[in-house]
Amino acid sequence: MAGTITVTVGGGRSRRAAVLFLGANTLVSGAIGLGLVLAGRGVPREVLLFAMAASCLAYVVWFLARGSIPWLPWPPQLSATWLDRERPDATALRYGVVWGLAFATPIRAGSLVALALLIALANDPFWGSVVFAVVGFVRGLSGALAPWDTASDGPKLASRWPFFHRPTVTALDAIAMTVVLASVLQSEVSF
Amino acid sequence: MSTHLAVRTVRIALVVGVLASTAFVVRPDVDGGSDFVVIALALALIAGLGSAWSP
Numbered sequence: 001m002a003g004t005i006t007v008t009v010g011g012g013r014s015r016r017a018a019v020l021f022l023g024a025n026t027l028v029s030g031a032i033g034l035g036l037v038l039a040g041r042g043v044p045r046e047v048l049l050f051a052m053a054a055s056c057l058a059y060v061v062w063f064l065a066r067g068s069i070p071w072l073p074w075p076p077q078l079s080a081t082w083l084d085r086e087r088p089d090a091t092a093l094r095y096g097v098v099w100g101l102a103f104a105t106p107i108r109a110g111s112l113v114a115l116a117l118l119i120a121l122a123n124d125p126f127w128g129s130v131v132f133a134v135v136g137f138v139r140g141l142s143g144a145l146a147p148w149d150t151a152s153d154g155p156k157l158a159s160r161w162p163f164f165h166r167p168t169v170t171a172l173d174a175i176a177m178t179v180v181l182a183s184v185l186q187s188e189v190s191f
Numbered sequence: 001m002s003t004h005l006a007v008r009t010v011r012i013a014l015v016v017g018v019l020a021s022t023a024f025v026v027r028p029d030v031d032g033g034s035d036f037v038v039i040a041l042a043l044a045l046i047a048g049l050g051s052a053w054s055p
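Protein chains in written order, with the working numbering: chain B, 1 to 191; chain P, 1 to 55.
Honestly, the hints are just simulated from the structure, not real lab data.
Just so it is clear, CB atoms sit at the ideal spot from N, CA and C, and this is done for glycine as well.
Honestly, I wouldn't trust all of these hints.
From the derived model, a few chain B residues whose C-beta atoms are all more than 12 Å from chain P [as the list claims (entries may be wrong)]:
(1) Val19
(2) Gly23
(3) Leu34
(4) Leu38
(5) Gly42
(6) Arg87
(7) Ala90
(8) Arg94
(9) Ala171
Derived coverage of chain B by chain P (criterion: at least 3 residues anywhere in the stretch with Cβ under 8 Å from a Cβ of chain P; other residues may be distant) [said to hold, decoys possible]:
(10) 112-119
(11) 134-146
(12) 172-186
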């Protein structure tokens, strides 16, 4: 995925476009977190807890059975027709905004679902914005670093981060979902 | 076949181990307690990494 911004900003050499991409990602993602907190205010606490337990359980069972984390397929949102090599800043900004929407692109991490439910449950707009801004920042970081990398194409850039490749992230995701599931169960037992 | 069984055993051990250890480590309040910050930030980091490698 690091290749996206590489292509977008004319060979990945525009550092200004990379910063715009990362900034848009972070800001829009933070706004999504804020929106989720506000949207969750009308939902009863019990419903949120049940949804969190159910989604975490589903992810954990899937992980045990198949060794992977299910992801939600989504139609491509990053259209190739958006590429405008004449205006790398505007293009990077546009891609950053869509990436920052988080749920508008395929969700590979179950943690994102659990996180959305968790911040709705916590009902704290500040923390909702902060934690989703972290998601956007981390999500866009690998792509935004492309201009500083010596590799010239996407696959090579992606291979520079071998530790965080899919199996590792899947295991971390499953661990996180298990912790949330255990926390929800404890929370329910204690009431 | 034995490798497949070993991998599955590791997965089960991982989940059971995390479930058991969470019972001792995490306070039973996910909605605003001090552990919320740690859990939420950990989820945010993992969600960011996971989403970064979406197709």
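Practice problem: Say whether it holds or is violated: Leu38/B keeps its Cβ farther than 12 Å from all Cβ of chain P. | Solution: Non-interface label stands for Leu38/B: nearest chain P Cβ at 16 Å, farther than 12 Å.
Quiz item: Per the coverage rule (Cβ-Cβ under 8 Å, at least three residues), is the stretch 112-119 of chain B covered by chain P?
Solution: Satisfied; 5 residues make the cut.
Self-check item: Given as non-interface: Ala171/B, which should sit over 12 Å from chain P by C-beta
Solution: Violated, since 7 Å does not exceed 12 Å.
Quiz item: Are there three or more residues in the stretch 172-186 of chain B whose C-beta lies closer than 8 Å to some C-beta of chain P?
Solution: It holds, with 13 qualifying residues against the three required.
Practice problem: Take a quick look at Arg87/B and tell me if its Cβ sits farther than 12 Å from every Cβ on chain P, holds or violated. | Solution: Arg87/B is indeed farther than 12 Å from all Cβ atoms of chain P, at 25 Å.
Exercise. May I ask you to check that Gly42/B keeps its beta-carbon over 12 Å from the closest beta-carbon of chain P?
Key: At roughly 16 Å from the nearest Cβ of chain P, Gly42/B sits farther out than 12 Å, so the non-interface label holds.
Exercise. Compute the least Cβ-Cβ separation between Leu34/B and chain P, then decide whether it is above 12 Å.
Key: holds (14 Å)
Self-check item: chain P versus Gly23/B - minimum CB to CB distance exceeding 12 Å, so not interface
Solution: holds (15 Å)
Quiz item: Would you say the stretch 134-146 of chain B counts as covered by chain P, given the rule of at least 3 residues with C-beta under 8 Å?
Solution: That given contact holds, which follows from 10 residues of the stretch 134-146 of chain B lying within Cβ reach (below 8 Å) of chain P.
Self-check item: Distal placement of Ala90/B relative to chain P, Cβ over 12 Å
Solution: Holds: least Cβ distance 23 Å, greater than 12 Å.
Quiz item: Hey, does Arg94/B actually stay past 12 Å from chain P on C-beta?
Solution: Holds, because the least Cβ-Cβ distance between Arg94/B and chain P comes to about 18 Å, which exceeds 12 Å.
Quiz item: Closest CB-CB distance from Val19/B to chain P, is it above 12 Å?
Solution: Given that every Cβ of chain P is farther than 12 Å from that of Val19/B, nearest at about 17 Å, it holds.
Going through the hint list in order, the structure does not satisfy hint 9, though it satisfies all others.
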